[in-house]
Every structure is written in structure tokens, then in C-alpha cells.
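At position 154 of the sequence shown (counting the first as 1) the number is 154 in our numbering, and the numbers step up by one without a gap.
If you are wondering where the hints come from, they were derived from the structure by calculation, not from laboratory data.
Predicted model, so just to flag it, every value in this text is computed and none were measured.
A couple of the hints might just be wrong.
The calculated SDA-like cross-link candidates involving lysine to any residue, where the alpha carbons are at most 20 Å apart (straight line), are [stated by the list, open to error]: (1) K489 <-> K513; (2) K513 <-> K589; (3) K589 <-> K231; (4) K505 <-> N568.
Label pairs and their computed distance ranges (CB to CB) [stated by the list, open to error]: (5) P154 <-> D660: 28 to 34 Å; (6) K589 <-> E226: 21 to 27 Å; (7) K151 <-> Q229: 35 to 41 Å; (8) D701 <-> D401: 42 to 48 Å; (9) S200 <-> D389: 37 to 43 Å; (10) D630 <-> Q508: 32 to 38 Å; (11) S159 <-> P214: 44 to 50 Å; (12) D225 <-> K151: 39 to 45 Å; (13) G152 <-> G178: 29 to 35 Å; (14) Q229 <-> S200: 28 to 34 Å; (15) S159 <-> S692: 23 to 29 Å; (16) Q229 <-> E579: 23 to 29 Å.
For each residue, glycine too, the CB sits at the ideal point set by N, CA and C.
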Amino acid sequence: MLPTGPWTLTSSSNGLNQILKIGRSNLYCGALFPRVRPTPLSPLLTVVSTVIGIRHSFWSCATSSPDQGYSIDEPQFIHYGARQESAMRLQESPASQVNQRIPTISATPRSFLAVILSFACVLSLGIELPASAANPASAKDKKPKNDPALKGLPITELSPDEAILHALNRLAYGPRPGEVERIRQMGLAKWVEQQLNPNSIDDRALDARLADYPTLRMSTAKLIDEYPQPKPAEKQAEKRAQAQAQQEQRRSDAAAEKVARDVQGTQGPVAGGGDGEAVQQNTANAKQEMSDAPALMKQEQPEGNPATKGVGKRDVLGGADPNNVPRAIADDSKRPQRVVAELGMAKVTRAIYSERQLQQVMDDFWFNHFNVFAGKGEDRYYITSYERDVIQPHAFGKFKDLVTATAKSPAMLFYLDNFLSADPRAAQRQAAERAARQQWRRGRFGWPAPPRPVGNPQAKKNERGLNENYGRELMELHTLGVDGGYTQKDVTEVARCFTGWTIEKPRQYADFKFDDRLHDPDAKYVLGKKIHAGGMKDGEQVIDLLVHHPSTARFISTKLARRFVSDNPPPALINRMVETFQSSDGDIKSVLHIMIWSPEFWSRESYRAKIKTPFELVVSAVRALGTDVDTPLPLVQWVGRIGEPLYQCQPPTGYSDKADAWVNTGALLNRLNYSLALAGNKMRGARTDVASLLGVDSSADPKAALDRAVQVFLGGQAGPTTVETLEKQLDNPQVLQAKLDDAHKQVDLGVVAGLVLGAPEFQRH
């Protein structure tokens, strides 16, 4: 008889399959059906199982005593590679009974049944198992089985669409219409690998758009020559023009605020600060609408961005008010502010249209890390070369090469005043050299020149001294971090190492130059290491020392993880990134690869865990709407209005990458105003066809139009508070527009799309 236990025998639909269920493991079993695939072990196991079957039949037919002989124990499981196979283990009776003689036995028809069953079990070794049986861990894996979009990714709880959206929001500036489906077809892993190798991506369409900005291809010397500083009379005319433009802008802003008030159903100014009752009401409304994203309203911040505190209107965009960029910069302008304006327009254009999205994200990351302020003097001319020749070529390379390139850049040398740094004794040495040359020219018996008075104010003014700005920021912001273990003595010693790193003719050629006459020739000690290579090699040796310091690996890894994973990245991930940074000699691409292919990057906790910066919001909204941008200047204007004027961060820290820096009432309301203006086609140089994108027209049911907008822009994922808030707006007169003779109201699709883009879920990425 067959042994008792958790056995069931069933037939398949074609009558050829049998399923043998042993315990919790389901194994496909059958002797003749097509899915049987014998393995190399099948012949041997067939013989073994046959013997087992015969013994089983003997036991089931005749024994001298039910307590003697062999018995079948509970089924056990054996692993063969990645497959899980079943086998019945024979357990002998107690040792005292093993040696007893088994009585004479005779075969019965049950013997043949046992042999057939054993043979069928062995054939099951070659049958393809379901995923849950082949890999026990896969039962916990919530990825859809065999989904090609997620092939090659770490185990993740995200659905395919969520994973693609997550990648596009972190490694790019958000999805464009149809891009999720395109990546699903090609595979997300393949898309990520392409982004990590940007040179393999054809980006000629972007190059054609960038051809409209001639300053991007000019040398610094040519920029200085082509776009000179205006004369005093011209400056006065510019001031009058700017005042007129500001007045026009205020009227335009008032009209925009009225539209936003009507949409929100509130009173008072919408964009900007103020302490009145209306602003307080708007603040309460904003907090209520953002209640589905608590972190977004975590902390009240002062109006504006602290990074731009103290920056005058003429500092912004090289002398133009950021709110009046389109008017302040004419197409035929030959003023310095045009140079910075084209930088901003090119940056926005790249972020919107480039296929090399990760390249653009990394360019922004490194520029912010090695920040330079365009509002400081000649830096408005230097930044074009700085971004083109320093940041972009080294974004995926060795960190040491990137630090060295920034250290030699005229933009950085001018911004942190290192081009003025010199050994304090250099002036004395140069004076002695000049005296010696004059004496040589006069001859041995020439008349000596009268010595310069010791207290000459002009002589004191022209003397150079040691400047510690770059030495401090190199360690605190560029390499070691604020807790990197350096002292003020180290700052001074590093500054001494970089004396003589200067600019040749800052207002003409503006090239890097090492002036040995200004360099401190004595030995220095940095972090306990003696630096005495001599000349320019002193600075290069310091860079090598700092780049290979353990604090640098941790500081850079943490900052990358904070940018791409979460504001508080997991320590385990940072540790792995640190190990990769050190083992790869600071290879940025290798560190990115470890981070992107980590489970932490694809975790549910990282999904929509960060708040978009103003630049990310402006660009991602354009991409989500599929907006055709002819004139990016208004977009540059909006980035500054929301709080992140491009190239205008005055402190060397750069803009913050944490949520609390961007969350304040004025900024949140400005974000909503921007979304309404963009989706409603109220922005010059930007055309959006919301009806075609949503696949509905203005006669559609308002609720259906809203549901479609949530699906298109939020992936169908909107919190209950957001849905409730949006549905309340459907009865707003600005959303439903109707004339007196209309049989039914028509929905304003632009307002619906703008409201959805202003939702908390879209503010996150």
C-alpha cells in the first residue's frame, strides 16, 4: 500500500500531467507529457529510485513483523543547483532490528505501481519548476515574474512603472510623454547603463538647439572682447529701462495672482511674502493641500533663499533683475549679462531635451559642489569655460582630475581670490630683484635711484599677501568635509602650497598661470604630512593627499547618496560607496554604479522621498507636459522666482540638496503659479497642448479629465487628501468655464493640469 503522508495525486487538463505535492513544494510530475526534460542525473537516479520502489513494494506486501524491515520517513528536500528536487529518504529501523532476517517475500501488483511512481518522480527532476519552487526567496519578491522591464535590477518592491518613474526622476529630470513605455520596451537596466556611458548616446538634436547660443563656443578672451562692460552713460539708460520693465512686471504679476486666487478660492497675494491676513490664509491652504506630504511642510523657512541673501538686483544674472530677464536682455544685446543669460538658457535646454540625462544631472551636481558665483566681477566671463571645459568633461571621471581642473580654473581662482594669494615675502624678493636689475643696467658706477619711502601708502596697497579662502574651501567643501579632521593650521599650510596659482591678465587672456615668484618656497605640513615638492607641485601634492584621504571618500559618497537616494541615506549604502571610491582611486562612474545598482536605491523608502529643487520642478513640468520651448528665458526667470537663480548662489556652499531649504509658503505658492502658467499656455515662448496629451477635450466630464491628468502626470498615484483637494476645485469658476447660452460647462484642461502639477506628489521625486 502507498505510504501515508501529505500526498495527493491529481490529473492535468490534458490527462498526461500528474502533480506530486510533497509538503509545501509543488513538483510537476509525469512520465509522458512534453514538459519533461531529463537531466544528466536522471539515469542514475532512475536506477536508485527503482530499487527504492522495489523495496517499498516488498515492505508493503510481506514482512515478518510490522516493526521490522524498512519504513518510509517524511519527505526531505535536496537542492540541485538552482532547482529544488524531492526525494524520499529511507530510514532504517532501530539497530537492534537491522540484523534480523527479513522473511521470504513475493511480488504483488502493487510492486509495479510503486516502481512506476518512483520512475515518475525521477523524471520530474528534469521538469522546469515554477519560480516559487526554484527560488524560495522569489516568493517574497514582489517584482512581477519575468517582466522584461525589470530584468537585471536588484530585488525591489516597486512595480515596473514605479521603478521606471523612479529612475527617470532621480537619474533624469522626469519623464516625457511616452518615455515610460519606451524604457519598458528596451529594459530599464539597459537604459541605466546607457546613461552611465553618455558618449554612447546620440545627442545631435540637442546640439542643434544649442547652436542658438554663440557664447557657449567662445573663449574667455573673446567673451571679454565681444561683451564689454557698459560705459557710465549706458548704465544709466539701462537703469531706466529696468525700472520701466519692473513696473510692467508688477502689473503682469498682479494679473497672475488674480488668476491664482480665483483658482484657489482665496484672497491676497499668492506669489511672494507678506504678513497680512490674506497671506496667512494662503499659508493655511498650502499646508492643508500639502498635508499628504508631511516632510514637505516640515519647517517654515524665511521667504526667499538664504543662499541669495544679500545679492542685489544687478548681481542676479550678471546685472539684470531675474524677474525681468526677457526684457533686460534683447536679442542684439552685447552686454555681459547676455553671457550669463545664455548659460542659463543652455542649462534649461539641456535638461529638457538632452538624451544624456544623467550627464546633465551630474553636471548640475558638480557645479553646485564646486560652486562659483557669476555675480562677482569677471567671473561672469569665466563661467562659460568653467562649465564647458572643467565640469562637463570630468563629471564621470576620476575625482582627482576634477579637483585639479577646478583648482586651475580662472573662475575658481577669481571667485575665492586665490589669484591674489602670494607669499608675504614675495614683495620683498621682487623689490630686491628690481633693484638688482636697475643696478645692472646703470653699470658699476651709475647713479643710484633714490629709495622708495618705507611708509608709501601706494606701496602697501600693491603688496600681496596670503589668502586662505581657497585652502579652507578646498578642505571643507570640496574634499574632506566640515568634519574631515583638519585644523586652522592645515588651512594656512594649504594656502601656502597654492601661492602663485594665479590668472594671467584677468581682464584680457584670463588663462591659468603659475607664478613662481609669488610662491612660498619653504616646506609645509598638511595633515601631518610634509609637503616640499617645490613650485606648482606643492599644490598638486596637496590635492593628491586630500583626494586619497578617507574623509574625502565618505564626504563625497554621502553627498552623492543624499542627492540620488534620500536626505538621510542608509549608512550601509554609504559604506559600500566609500569602499568603491577608495578601491577605484576615486572613479566617479564606479561609485555611481554601486549606488544605482543597490537595493537601497530601488527601495520603497526612497521612492518619492526627495523634494524637487526649483530647477528640477521647472524642467520636470516642461518634460511632463511635452511643452515645446522656443524661448527658455521665461523658464530661467521662473527658476529664480521660485528660489534658485541659476549661477547666482553667492556662498561657496552651493544650493542645498535637502527639503527644508526649499519649503516655505512663498515658494510653494510660486510653484503652483508656475504650474498654472505653464499648463495654461500663459508663458511666452512655451506651447503646450494639454488636450492632445490627455486625450480629452474641454467638453469631457471634469472628473474624467482630472482622473486622466492624475494618471498621466502622477502615474495614477495621488493621496486621498490630494484627490479630495483637486476634486473640490472642479466646481471652481476658473476650472469650469461656461457662457450664458452654453448647454453645459466646459472644463479648462490647462487649469486641471496645472493643479495636478502643483500637487505634493509632483513636487516630490
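Hints versus structure:
For the proposed pair K489 and K513, the alpha carbon gap of about 26 Å is over 20 Å, so the pair is violated. With a C-alpha separation of about 30 Å, the suggested pairing of K513 with K589 is violated against the 20 Å cut-off. Distance restraint check for K589 and K231: the Cα-Cα separation of roughly 47 Å exceeds the 20 Å cut-off, and the hinted pair is therefore not satisfied. For the suggested pair K505 and N568, the alpha carbons sit about 45 Å apart, so the restraint of at most 20 Å is broken.
Hint check: P154 to D660, Cβ distance near 30 Å, so the stated range 28 to 34 Å holds. Hint check: K589 to E226, Cβ distance near 36 Å, so the stated range 21 to 27 Å is violated. Taken as a hint, the range 35 to 41 Å is violated for the pair K151 and Q229, whose Cβ atoms sit roughly 57 Å apart. A beta carbon spacing of about 58 Å between D701 and D401 contradicts the range 42 to 48 Å that was offered as a hint.
The hinted window of 37 to 43 Å between S200 and D389 is violated, with their beta carbons roughly 22 Å apart. Separation of D630 from Q508 is about 36 Å and conforms to the stated range, judged on CB atoms against 32 to 38 Å. The supplied range of 44 to 50 Å is met by S159 and P214, whose beta-carbon atoms lie about 46 Å from each other. For the pair D225 and K151, the supplied restraint of 39 to 45 Å is violated, since their beta-carbon distance comes to about 55 Å.
At roughly 22 Å, the beta carbons of G152 and G178 sit outside the given window of 29 to 35 Å. A beta carbon spacing of about 43 Å between Q229 and S200 contradicts the range 28 to 34 Å that was offered as a hint. Range check, S159 to S692: Cβ separation about 27 Å, and the 23 to 29 Å hint holds. Separation of Q229 from E579 is about 50 Å and departs from the stated range, judged on CB atoms against 23 to 29 Å.
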